[in-house]
Amino acid sequence: MGHLSAEYVSVAFAGLKALSSVTLRIQSGHISGLIGPNGAGKTTLVNVLTGFQIPTEGTVILNGQPLGRLKPHEVRRRGIARTFQSGRLFRDLPVIDNLEVTGVGLGMSRRTAVAEAEAMLDWIGISALSSRIAGTLPYTDERRVAIGRALMGRPAYILLDEPAAGMSAAEATELSNLVRRIARDLGCGVLIIEHNVGLVLGLCDHIVVLDSGAVIEEGVPADIRKSEKVRHAYMGTAAETSLPAEEVML
Amino acid sequence: MTDTSISPFPVELTNPKKPARFALARRTIITPIFLSLLILAVATLAIMTGSRPFNQAMIDILVRVTLVVGLYIFIGNSGVLSFGHIGFTCLGAYAAAWLTINPLMKKTSLPGLPNFILQARLPYWEAAPIAAIFAGVIALILGRILMRLSGIAASIATFAVLAMINTIYSNWESVTGATSSVVGIPIVRNIWPYVGAAIIAIFIAWGHAISRSGLALRAARDEPTAAAASGVDIPKERLVAFTISGIVMGLGGAAMAHSIGVVTPDNFYLGLTFITLSMLVVGGMSSLSGAVLGVLLLSALIQGLRWLEAGVVLGETTFALPKGLQEIALGGLMIVILALRPAGLIGNREITFARFKGKA
Ligand SMILES: Nc1ncnc2c1ncn2[C@@H]1O[C@H](COP(=O)(O)OP(=O)(O)OP(=O)(O)O)[C@@H](O)[C@H]1O
Ligand SMILES: [Mg+2]
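These protein sequence lines map, in sequence, to chains A and B. First residue of the first sequence? That's 1 in my numbering, and the numbers climb one at a time after it. First residue of the second sequence? That's 1 in my numbering, and the numbers climb one at a time after it.
Please note that a few of the clues may not be correct.
Subject to a maximum C-alpha distance of 25 Å in a straight line, what follows is the list of computed DMTMM-like cross-link-like pairs (lysine to aspartate or glutamate) [as the list claims (entries may be wrong)]:
{"#": "1", "chain 1": "B", "residue 1": "Lys-17", "chain 2": "A", "residue 2": "Asp-185"}
{"#": "2", "chain 1": "B", "residue 1": "Lys-236", "chain 2": "A", "residue 2": "Asp-92"}
{"#": "3", "chain 1": "B", "residue 1": "Lys-17", "chain 2": "A", "residue 2": "Glu-118"}
{"#": "4", "chain 1": "B", "residue 1": "Lys-18", "chain 2": "A", "residue 2": "Glu-118"}
Hints were generated in silico from the structure; no laboratory data involved.
Looking at chain A on its own, in the form it has when it is part of the complex (with noise of 0.2 Å):
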């Protein structure tokens, strides 16, 4: 079983602490939720394992190794693949040129790369968006398309950044689906970010709950639903979340 993990890695910006401390780890075939509230750190820490953002403290561990200081497209091709909270698609091409350039980055030749695309939208079922040119795509599809091109390659890991956000219940579910055969299928460790605590819940093995910067709590989503420290956590800020009251509900 491989693991991809941050040990107390610790990130201040300008003075600000962004994250103290913080360990998670991410297991082959398991799905693992990181939550907390608006600014808790959870996207730095993916950053963090992506290459992205480099840890004032603290090391990122691939199997054992540390992985250093490597360059994002150097941490990608060692397996490690994400999404972005805000998309990124490449907007001005079409959809199976996004999950190409994956393939290429990669050091596949088109052919290949055009190939293996082809195979991974019919996979995830979005067949139909092929040629379509991805700035026009509607917000879900957007999301599912990102997450096609990260699969490119089969990473062994690949960390999504909220990719349920603005999702109807019926497209969350979907997801939920796709993340499950992503984990199970293909054998992927896979963490999610996700503000639907409801989602994380019934999707993941294990979940890590950020606040400031810090764990707050962790454990299996039994655990995770009696904490009174989430519950606290979530309830200081729920305004902000604007999440539906029977998600904030634990």
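Given chain A, work out where chain B with the ligands should sit, using these hints.
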């Protein structure tokens, strides 16, 4: 990839069926073919007219096509504005001069050249590729430093490259003749070599655009963060394009040298930089078709103005960068086009058979 004990992998994802070989090339080759036909049409027009000034004007246009396509390779795909590329044209032009001028003349005018160059007297078709490679090698070396920069810092650094090359060539008396003209470059009046250079440039640009490197670079242009997260080594892909475009700019420089027979460093400075960049921007910065059409449209305009200004005679100088009215008109047109169509006349599309058919 770090493959761990992965349970049965979905069959549909293992060894998917690849498209036919060269499917992408076959699907897109209509663009360079169409553009080449356009170039051939220009040449045929020049030959049919039979007028010498007109022939020279068409040669100037073909040289500019080569240069602007060279600019497109880097600027269009990377989105990084470069003010330095005419520096590579300067390198190419002087290298062609070094290799083709009669050794007897070189010994007196450029005595500082290394002996093997002093002795050399190559035909232009051998000198031009060497000049192009020379410009490409310098682009590769400078690019290794430049490509780490991005955005405005990168553009300013490219401008520094232009100034640096101009300063060196304006002062290195024994090798470049400093600011005085280097004369005696064999003049080529036959239009076909220039047609060849322009078409080669177009096919190089197309080949790069459909390559892995071209795709990765365009992705990085639109979303650098996501491109890096997709495994794209952005500085490397930029360097590839920078080097290839340096080669094409050098080829254009050699063509320019043979079209006018005389070079000075100031032929390859702000004036030419401004004109070639305007042509690229007007046509559509991120489209090969835009680059070529931009040259043709603006050149027609410039020629029209020039002839209105000075009659059909080309002028007393051997090569005249458009000055006065032409530059003002060019600047004005550029502002109008940028205001109305910021992405240029063609935008980021290419002329394809499908579009062509649709319009017919
Ligand atoms: N590059 C940066 N420079 C300065 N401060 C930053 C930077 N990136 C993030 N921060 C700050 O660090 C804190 C953590 O931000 P982060 O984006 O990781 O939160 P998050 O948990 O992902 O929040 P959200 O749920 O809103 O996405 C915030 O206070 C944020 O303002
Ligand atoms: Mg975030």
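Going through the earlier hints one by one, which of them does the structure break, listed in rising order? Structure breaks no hint.
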